[in-house]
Amino acid sequence: MPMIPVFLNIDEERVVLDLQEARGNLDCSQGEAVLDFSSVRRIDSNALQAMEGFARIADEKAVKIVLRGVNVDVYKVLKLVKLAHRFTFVN
Amino acid sequence: MIASEAVKERVQIPLNPESLSAERIGYLDGLVHQARTAAAVFTQFNQEDVDRIVKAMVLAGLEQAQHLARLAVEETKLGVMEDKVIKNMVASEFVYNYVKDKRTVGIIRNLPERNLVEMAEPIGVLFSLTPITNPTSTVLFKCIMAIKTRNAVVFSPHPKAWHCCAEAVRIMYETALKHGAPEGVFTCLESPTLPDNAYLMKHKDVGLIDATGGPGMVKAAYSSGKPALGVGPGNTPVYLEKTADLNTAVVDIIISKTFDNGTICASEQTVVIDDEIYDEVLKKFADLGAHICSGKETKLLERAVIDPQTGFMQPMAVGQKATDIARFVGLSVKSSTKLLIAPIQGVGREHPLSVEKLFPVLAVYRAKSVGEALRVCVDVNHAGGLGHTAVIFSRNEDVIRKFGNVINAGRIIVNSPGSVGALGSVYNDLAPTFSFGCGTGGGNSTTDNVNVFHYLNVKRVARRTQNHMWFRVPNQIYFNMNAVENLRQFPSLSTIIVTNPSLERIGHVDIVRRHICPKTHVHVQVIPDAEPEVKVILQGVEALNFYKADQIIALGGGSVIDAAKIMKLKYESPEADLEYLAAPFLDLRKRVIQYPTEKTNRARLIAISTTSGTGSEITPFAVLIDKDLGRKVTLADYSLTPDVAIVDPQFVMSMPKSLTADTGVDCLTHALEAGVSTFASAYTDSNAMQAIRLVFKYLPIAYKHPNDEEARCMMHNAACIAAMAFSNASVGLNHALAHAFGARFGVAHGRANALMLPHVIAYNASVPTKFMPSPYTKGYVAHKKYATVADLLGLGGHSVDEKVKNLIAATAQLLDELEFPQSIAELGISKKEFEQAVPDLVKIAVDDPSWRSNPRMPLMSEMAELFWKAYEGRGTAKAADSLQEQTK
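So the protein lines, in turn, are chains A and B. Counting along the first sequence from 1, when you hit position 91 you're at 91 in the working numbering, and nothing is skipped either side. Counting along the second sequence from 1, when you hit position 55 you're at 1055 in the working numbering, and nothing is skipped either side.
Bear in mind the hints are in silico, worked out from the structure with no lab data behind them. Every residue gets a Cβ at the ideal spot worked out from N, C-alpha and C, and that includes glycine. Any given hint could turn out to be false.
Mimicking EDC-like on lysine to aspartate or glutamate, the simulated pairs with C-alpha atoms at most 20 Å apart in a straight line are [what the hints assert, rightly or not]: (1) A/LYS76 to B/GLU1113; (2) B/LYS1178 to A/ASP27; (3) A/LYS82 to B/GLU1872; (4) B/LYS1657 to B/ASP1529; (5) A/LYS79 to B/GLU1872; (6) B/LYS1368 to B/GLU1276; (7) B/LYS1178 to A/GLU13; (8) B/LYS1160 to B/GLU1074; (9) B/LYS1077 to B/ASP1324; (10) B/LYS1100 to B/GLU1121; (11) A/LYS82 to B/ASP1205; (12) B/LYS1202 to B/GLU1190; (13) A/LYS64 to A/GLU21; (14) B/LYS1590 to B/GLU1113; (15) B/LYS1548 to B/GLU1572; (16) B/LYS1296 to B/ASP1324; (17) B/LYS1100 to B/ASP1049; (18) A/LYS76 to B/ASP1049; (19) B/LYS1627 to B/ASP1529; (20) A/LYS76 to B/GLU1183; (21) B/LYS1338 to B/ASP1287; (22) B/LYS1459 to B/GLU1074; (23) A/LYS79 to B/GLU1276; (24) A/LYS76 to B/GLU1121; (25) A/LYS79 to B/ASP1205; (26) B/LYS1535 to B/GLU1572; (27) B/LYS1334 to B/ASP1324; (28) A/LYS82 to B/ASP1049; (29) B/LYS1100 to B/ASP1029; (30) B/LYS1832 to B/GLU1872; (31) B/LYS1459 to A/GLU13; (32) B/LYS1178 to B/GLU1048; (33) A/LYS79 to B/ASP1287; (34) B/LYS1321 to B/GLU1075; (35) A/LYS82 to B/GLU1121.
Quick partial rundown of chain A residues pointing at chain B, CB under 7 Å, derived from the structure [what the hints assert, rightly or not]: (36) SER45; (37) LYS76; (38) VAL77; (39) LEU80.
Isolated chain A, as found in the complex (with noise of 0.2 Å):
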């Protein structure tokens, strides 16, 4: 059967909140879901903290996260904190 993955744009402004409508999508996404960061420039300490819950929870429901247009700032800083292994990363 093929995959359905999720789609969703995250605004920088609410990563959080985009985060958690995002969580709330991962049990219909059928194992993928993709955000797009496109439009996030630089991410904070909360934004870091739904990541890792989302991630945590992405890997209870065995959905792989995909995060598309991470800009290379934010990139690092996933990098610094550990998470970015936990992400799949697309142009």
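Following the hints, complete the assembly by docking chain B onto the known chain A.
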């Protein structure tokens, strides 16, 4: 009096994290995790973000300076409230003034002249220990440093100063947060313990330990295996020299030693005073509120404030007022007493007051001479003060310089107070700090006043630089038939002609004589027809001196011209040590030794070559034999280059066939090797290519028809042109192999070159096992340059690979035409003999500097392989097929 913990840790043994509970570890991990997240978020901030937050923090620090000072004094019972206010303000305002315009984000320094850019990379999480003596000011300082450099900090204040430090951290954190700093950027340990510190010092996510405190803490920091800025105690010697402005000196010392009751570790500890001014100085101290202790009082004092067991100061005295200390000791002093001054007679355990005393007790020593004063200062410096701070009051620059030489201190403060002076930016231009680096003398990694750049990783973006290159040849080269006539234009009173017996015999010397300026005294120095020995050189120099020569004409082949170059060197600079000047080097511009530039005599060197190969008439090289050492000495320097070269083919018309072939192939090898050299340039390439073209066209003719004037002339020019190339681009592996082989088996240089040449072309044209580092070339180009040669010679071929193969074939054909042996075996050298020789040949070739500009770095095994290919013969020379890939 209170029992301070400031120095207790001196005797405490390393910190042990084993006793921590799981809950405590979870708590500590949580702090670091929070800091790590903040530090990660912080990496996204730009310089403007950071500067905005720093400014707000500084203003908050100034606003709260008095509040924090009061808290510090109330909690620690150390120091002086007013002074602590000043410290807090210095830690805010002065530090801000120093750092406000410093770039700490992104590009922090651009060095276009070096093609370098320096960029900042934050450290991440700092674990910062702060002392009891300067608690809040140190916290303010470290918070400002951290934000300016985008780091997060976990603070562990001294337990006896925890509340005031926690308050300082809170104020800084809330201000920073309000102005946009990441959450969790500062945290402060609740109820810190030594095991907590031990655990955090080794925490995997802590990037740097920033330990300001006692030696035990500093040592623990450095022992943790983490990068650390550990700055600890001192013992500041002061030399009050007789030329000093005594009024200034006495006031400065009182200011410094009483500042915050002497708690700054840079404060004065022992003042060494010249005998001539001793009494006057003590009187001035007394007049300004110091109590001068009698011998008996000094004994009482030392027993009370110095621990007789450890020899260190008693904690209970740290940061206390002079009157309180006096009362405790039982001294009767005026209520206005600021400072207790105790005369001592030496330094060390027998003189307890000679150690560090972080309270207003000052030792003084009467010195009978400058020498004695400096020795005592050195003793104090070595009694716990290495690397820290020293002070001198003097107007005598020699004494100040001497003091600076003999004292090991990161800060040598001149004519100003030690403690406030060392803090920086108040009395001098030192960087403002609350952490004094003490260098290796104090077990620290720096002697600096710690500031922003110690909290950054500096990344250097180094762009490729184009080193200067050169093209140097004699400024006068006369060529073509009868060019020797140009000798007339060089006036000389006394000329020496250096030549061989054979050239004199066949009349060449007479030809030269005819063209020398009239009225010139001419002496002919005949030297043996072989590579010159030291003895021959010295005889020549003797003649030059005897005849007071102002001109040397070298008439001969490479050996004669080389001899004349060295004679000139020794004549002009008699002190020149040939063995020393022959020291090895890799890059001429960076060589260790320099050739002499001061000259006792001066003589023009005119080189007239009588062979068409070595190019010695224009090269900066000379070889001589040192029989005592049993080896060749190669000299290389552009100062050896002849002043004038005369390339007149009339002197080569009678060259024998074999010499024509040998020297001609030497010339070809020079040109081919210079062409692919790592030092090749457009300037050398043009000469190398032209020389190759001339050799391929005219060498066979000159060989077969020795009287063909045009061929002789062109070959003579080719040798000189090839020399222009290789004297600037150097040669390569072919020469290294040929030198080794030729010397071992007595084979002429050109012939040895010929045996190696096709194999070395094939070797250089294939994909290297090991590339030669070469800043001058882009990519590997040797095969392409050989292909260019093939094109120049019209050898045909569609691909680079084909062209290289055609060049190898054409070279082999040329060597056949010149009737060179096909192989080393053909010389009659048995396989067994050669087999025995190869390891030595390789060793000698490795030591030969010629290959260092070869495009491909030869491995020893590859050198051996090349020797064997040369043994087997020219037919084995083939370019590797794998080259085709690279060419595409």
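Now for the hints, and whether the structure bears them out:
no., hint, verdict
1, A/LYS76 to B/GLU1113, "violated, 31 Å"
2, B/LYS1178 to A/ASP27, "violated, 39 Å"
3, A/LYS82 to B/GLU1872, "violated, 62 Å"
4, B/LYS1657 to B/ASP1529, "holds, 18 Å"
5, A/LYS79 to B/GLU1872, "violated, 59 Å"
6, B/LYS1368 to B/GLU1276, "holds, 8 Å"
7, B/LYS1178 to A/GLU13, "holds, 18 Å"
8, B/LYS1160 to B/GLU1074, "holds, 11 Å"
9, B/LYS1077 to B/ASP1324, "holds, 12 Å"
10, B/LYS1100 to B/GLU1121, "holds, 18 Å"
11, A/LYS82 to B/ASP1205, "holds, 11 Å"
12, B/LYS1202 to B/GLU1190, "holds, 19 Å"
13, A/LYS64 to A/GLU21, "holds, 16 Å"
14, B/LYS1590 to B/GLU1113, "holds, 19 Å"
15, B/LYS1548 to B/GLU1572, "holds, 11 Å"
16, B/LYS1296 to B/ASP1324, "holds, 19 Å"
17, B/LYS1100 to B/ASP1049, "holds, 12 Å"
18, A/LYS76 to B/ASP1049, "holds, 18 Å"
19, B/LYS1627 to B/ASP1529, "holds, 16 Å"
20, A/LYS76 to B/GLU1183, "holds, 18 Å"
21, B/LYS1338 to B/ASP1287, "holds, 11 Å"
22, B/LYS1459 to B/GLU1074, "violated, 44 Å"
23, A/LYS79 to B/GLU1276, "violated, 68 Å"
24, A/LYS76 to B/GLU1121, "holds, 12 Å"
25, A/LYS79 to B/ASP1205, "holds, 13 Å"
26, B/LYS1535 to B/GLU1572, "holds, 17 Å"
27, B/LYS1334 to B/ASP1324, "holds, 11 Å"
28, A/LYS82 to B/ASP1049, "violated, 25 Å"
29, B/LYS1100 to B/ASP1029, "violated, 33 Å"
30, B/LYS1832 to B/GLU1872, "holds, 13 Å"
31, B/LYS1459 to A/GLU13, "violated, 32 Å"
32, B/LYS1178 to B/GLU1048, "holds, 15 Å"
33, A/LYS79 to B/ASP1287, "violated, 65 Å"
34, B/LYS1321 to B/GLU1075, "holds, 16 Å"
35, A/LYS82 to B/GLU1121, "holds, 18 Å"
36, SER45, "holds, 4 Å"
37, LYS76, "holds, 6 Å"
38, VAL77, "holds, 5 Å"
39, LEU80, "holds, 4 Å"
Violated hints, listed in ascending order, are 1, 2, 3, 5, 22, 23, 28, 29, 31 and 33; each of the other numbered hints is respected by the structure.
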